[in-house]
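Asker: Given the coordinates of chain Z, work out where chain H should sit on it, guided by the hints.
Now for the letters of each chain:
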Amino acid sequence: MRIAFRKGRNSFCVKGLLQPERGETKSIMWENFSEAIYLNFIKDDRWKYYTDGLKVTLIITLFAVLLGVVIGLVVGTIRATHERTHKLKFCNFLCGIYLTVIRGTPVVVQLMIIFYIILASARNKIPVAVLAFGINSGAYVAEIFRSGIMSIDNGQMEAGRSLGFNYIQTMWYVIMPQAFKNVLPALCNEFIALLKETSVSGYIALQDLTKAGDIVRSRTFNPFFPLLTVAAIYLVCVIVLTQGVKLLERRLRQSEH
Amino acid sequence: MSIEEGKPLIQVKGLGKAFGKTQVLKDISVDIHKGDVVFVVGPSGSGKSTFLRCLNRLEEPTEGNIYFEGVDILDKGTDIDRHRQKMGMVFQSFNLFPHMTILKNLTIAPMKLQKKSREEAEGAAMELLARVGLADRAEAYPSQLSGGQKQRIAIVRALCMKPDVMLFDEPTSALDPEMVGEVLNVMRDLARDKMTMVVVTHEMGFAREIATRVMFMDGGNFVEEAPPEEFFGNPKNDRLKSFLSKVL
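Residue numbers (our numbering), protein chains in the order written: chain Z, 945 to 1201; chain H, 4 to 251.
If you are wondering where the hints come from, they were derived from the structure by calculation, not from laboratory data. The model shown is predicted, which means the values in this text are computed figures rather than measured ones. For glycine and all other residues, C-beta sits at the position ideal for the given N, C-alpha and C. Any given hint could be a false lead.
As the list claims (entries may be wrong) - Selected chain Z positions facing chain H (Cβ under 10 angstroms, derived; list incomplete): (1) Ser1095; (2) Asp1097; (3) Glu1102; (4) Ala1103; (5) Arg1105; (6) Tyr1111; (7) Gln1113; (8) Thr1173; (9) Gln1198.
Said to hold, decoys possible - Computed list of lysine to aspartate or glutamate pairs in DMTMM-like fashion (alpha-carbon distance at most 25 angstroms, straight line): (10) Lys1033/Z - Asp82/H; (11) Lys970/Z - Glu142/H; (12) Lys1031/Z - Glu66/H; (13) Lys1033/Z - Asp84/H; (14) Lys1031/Z - Glu142/H; (15) Lys24/H - Glu1027/Z; (16) Lys29/H - Glu1102/Z; (17) Lys79/H - Glu1193/Z; (18) Lys107/H - Glu1102/Z; (19) Lys115/H - Asp996/Z; (20) Lys1033/Z - Glu142/H; (21) Lys1033/Z - Asp78/H; (22) Lys1031/Z - Asp84/H; (23) Lys1125/Z - Glu63/H; (24) Lys107/H - Glu1193/Z; (25) Lys1033/Z - Asp75/H; (26) Lys165/H - Glu1102/Z; (27) Lys119/H - Glu1102/Z; (28) Lys1031/Z - Glu62/H; (29) Lys1031/Z - Asp82/H; (30) Lys79/H - Glu1102/Z; (31) Lys1031/Z - Asp75/H; (32) Lys107/H - Asp1097/Z; (33) Lys115/H - Asp989/Z; (34) Lys118/H - Glu1102/Z.
Looking at chain Z on its own, in the form it has when it is part of the complex (with noise of 0.2 angstroms):
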C-alpha cells in the first residue's frame, strides 16, 4: 500500500516510456503491479464490484438452468412423444414454433425484447434476466433431452407398460433416468454456455461479473486487470462446474460395471 500511495495513480501511464536501469526492473514491475492491485480491486472497495456481480451471475444461471430443465424436459418429451406415436400433434406443432424462434434469433436480442418490449414495467431485473436465459436455453435443453429419450431403444416402454406403467410414469421411472444419463455431457455443455451467455446481461444495465469488470475498467481507465479478472472468474465458475458434473457422471455410470 506504501509504495502505491508514494507513486500516486500516474504509474501506469509512465510505464513503458520509463528506461529503467537494470537493477531497477524487478522492483517498478513489482510496484506496478501492487500499484494495479489497489486501483483494480482495493480502492473505493472495487472488489465488491466483481463479488457483487459475480453474485448476479450466479444467480441469474442457476435459476435460468432451472427454468430452463423444466421447460426442456417438457418441450422435450412432447417432441419424442410426438415422434415416438404421432400423437399430441397440436403441442409438438408449438414446441417447433417456439424452437424455431428462440433458436433462430439471438439471446441478447430476446434478453431486450423482454426487458424492454415484454415486461417493460418489470422494476427488478434480475428476474427478466433468468426469464429470458431460462426460456432460451429451454429451446436447447429440449433437443438435448429429446435425443436423449429417442436413443433409449423402445423395448424399454414396452416393458414399462406391460407391467401396468402409464406412458408418464413409464417415462419418469425408466425412460427418464436413462436418458439423463446419456445426455449429461451435452447439458453440462448447454450450461457452461448458459453460464457465459448471461455476460451479455448489461444490456439491459445489470450489474453481472462482465458489467463489473467494465464498471472497474472505466474507473481505473487499464482494461487489463480487469478483463482477466472477469475472465479468471468465469474460467474458474466453469472449471468447477465441469467437474461437478463429472462425479455425477461417476455415480449415475455405477450401473455399468
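Answerer: Positioned in the frame of chain Z, the structure of chain H alone reads:
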C-alpha cells in the same frame, strides 16, 4: 376379479390388425381358459408376435374385441394400464431396466402400482428369485448377468405383479443355446403351477412337452389348433405339415 366357471380368461373375437395397407392379422377368434398353456407356432412373418402383442395392446388392433376377465380391453373407456398389471409379459430381448438393481427391477412395479410396502415387495421378490436360483444376484445390475439369467429375472419381474396370465414373446430366441434350458425350466415350473400361459416360440420340443394346446399361425390366422400329441403326431393342414417337416 373372479371369473365364472367355464368362461374363458381371454376371449378374442374377430381380431384384425393392419399396418397401413398390410393386413397382418385377419379375423382371429380364440378362447384361452384358465390354466391353458397355449403355444403359438408358425413361420416368421406369420403374425405370431403381433397377435401376442395385441393381447395386452402393445400393438393396437384395428378390429375385433378382446375380453380379458370379462372386460373388453379394446374399449376406449377401459383403463388398459390396470388390466396390464394382470397380464405379465416376457420379451425376446429381456428389456430389464439397466439403471436399476435386480431387486429394484422386481419391486418397482408392485411398490408404485400396487402400493406394496418395500418389505412386502422385496420379500415376495426374494422368494421368487430363490425359486429361479438367482437370490444371490439381487443387488447386481442387469449388465452383470448372462442372457439366461436376464430372461429368468424378466420372468420373475412379470410374476411379481401376480398376473393371471403370462405372455411370452419368443423368450429363448435371443439366448445362447446353452442358456435356453434354464429359461425353459422356469417356464416348465410355471406350467406345473397351473399358470395360464401364451407362448410364441420356435422350441417345438418344448411345446410338445408342456403345451395344453398348440396353434399354428400362417398368413395372419390360425389354420390349425390341437393338443400337442395330435398337433405334432397327426397334423392335418398341408401348410402345417410342410412347416413341421422343416423344423422337426
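Asker: Run every hint past the structure and note whether it holds.
Answerer: We went through each hint and held it up to the structure:
Given the 10 angstroms rule on beta carbons, the hint for Ser1095/Z is violated: about 13 angstroms separates it from the nearest Cβ of chain H. Using the Cβ-Cβ criterion of 10 angstroms, the hint placing Asp1097/Z at the interface with chain H is satisfied: the shortest such distance is roughly 8 angstroms. Here the hint on Glu1102/Z is kept, as its CB sits about 5 angstroms from the closest CB of chain H, short of 10 angstroms. Evaluation of the Ala1103/Z hint against chain H yields a held restraint, the C-beta minimum of about 4 angstroms falling below 10 angstroms.
Look at Arg1105/Z: its Cβ gets to within about 7 angstroms of chain H, closer than 10 angstroms, so that hint holds up. Interface hint status for Tyr1111/Z: upheld, as the beta-carbon distance to the closest one in chain H is roughly 9 angstroms, under 10 angstroms. Hint on Gln1113/Z holds. Least Cβ distance to chain H is approximately 7 angstroms, under the 10 angstroms limit. Residue-level restraint check for Thr1173/Z is violated (minimum Cβ-Cβ distance to chain H is 43 angstroms; threshold 10 angstroms).
The interface hint given for Gln1198/Z is met, as the beta carbon of that residue sits about 8 angstroms from the closest beta carbon of chain H, less than 10 angstroms. Under the criterion of a C-alpha separation no larger than 25 angstroms, the hint pairing Lys1033/Z with Asp82/H is consistent with the structure, at around 23 angstroms. Restraint check: the Cα-Cα separation between Lys970/Z and Glu142/H comes to about 65 angstroms, which exceeds 25 angstroms; the hinted pair is violated. Of the supplied pair hints, the one linking Lys1031/Z and Glu66/H holds, its CA atoms being roughly 20 angstroms apart against a limit of 25 angstroms.
Distance check on the hinted pair: Lys1033/Z and Asp84/H sit about 23 angstroms apart at the alpha-carbon level, within 25 angstroms; holds. Among the hinted pairs, Lys1031/Z with Glu142/H is inconsistent with the structure: their alpha-carbon atoms are about 38 angstroms apart, more than 25 angstroms. Between Lys24/H and Glu1027/Z the CA atoms are separated by roughly 21 angstroms; this keeps the pair inside 25 angstroms, and the hint holds. Note on Lys29/H and Glu1102/Z: the hinted pairing holds, with a Cα-Cα distance of about 24 angstroms set against a maximum of 25 angstroms.
Restraint check: the Cα-Cα separation between Lys79/H and Glu1193/Z comes to about 43 angstroms, which exceeds 25 angstroms; the hinted pair is violated. Simply put, Lys107/H and Glu1102/Z have alpha-carbon atoms about 18 angstroms apart, close enough for the 25 angstroms limit, and the pair holds. For the proposed pair Lys115/H and Asp996/Z, the alpha carbon gap of about 46 angstroms is over 25 angstroms, so the pair is violated. Between Lys1033/Z and Glu142/H the alpha-carbon distance is near 42 angstroms, which puts this suggested pair outside the 25 angstroms criterion.
For the given pair, Lys1033/Z sits about 23 angstroms from Asp78/H by alpha-carbon distance, which is consistent with the 25 angstroms threshold. A hinted pair counts as satisfied when its Cα atoms are at most 25 angstroms apart, and Lys1031/Z with Asp84/H qualifies at roughly 18 angstroms. Proximity of Lys1125/Z to Glu63/H is assessed by CA-CA distance (about 31 angstroms); at most 25 angstroms being required, the pair is judged violated. In summary, the hint linking Lys107/H to Glu1193/Z is supported, as the alpha carbons are separated by about 21 angstroms, within the 25 angstroms threshold.
Distance restraint check for Lys1033/Z and Asp75/H: the Cα-Cα separation of roughly 28 angstroms exceeds the 25 angstroms cut-off, and the hinted pair is therefore not satisfied. A C-alpha spacing of about 19 angstroms is found between Lys165/H and Glu1102/Z, which places the hinted pair at or below 25 angstroms, so the restraint holds. This hinted pair checks out: Lys119/H and Glu1102/Z have alpha carbons roughly 23 angstroms apart, not beyond 25 angstroms. Between Lys1031/Z and Glu62/H the CA atoms are separated by roughly 15 angstroms; this keeps the pair inside 25 angstroms, and the hint holds.
Taking the CA atoms of Lys1031/Z and Asp82/H, the gap is near 18 angstroms; set against the 25 angstroms cutoff, the hint holds. Pair hint Lys79/H plus Glu1102/Z holds up; C-alpha atoms about 20 angstroms apart against a cutoff of 25 angstroms. Note on Lys1031/Z and Asp75/H: the hinted pairing holds, with a Cα-Cα distance of about 23 angstroms set against a maximum of 25 angstroms. Pair hint Lys107/H plus Asp1097/Z holds up; C-alpha atoms about 20 angstroms apart against a cutoff of 25 angstroms.
Note on Lys115/H and Asp989/Z: the hinted pairing is violated, with a Cα-Cα distance of about 57 angstroms set against a maximum of 25 angstroms. For the given pair, Lys118/H sits about 21 angstroms from Glu1102/Z by alpha-carbon distance, which is consistent with the 25 angstroms threshold.
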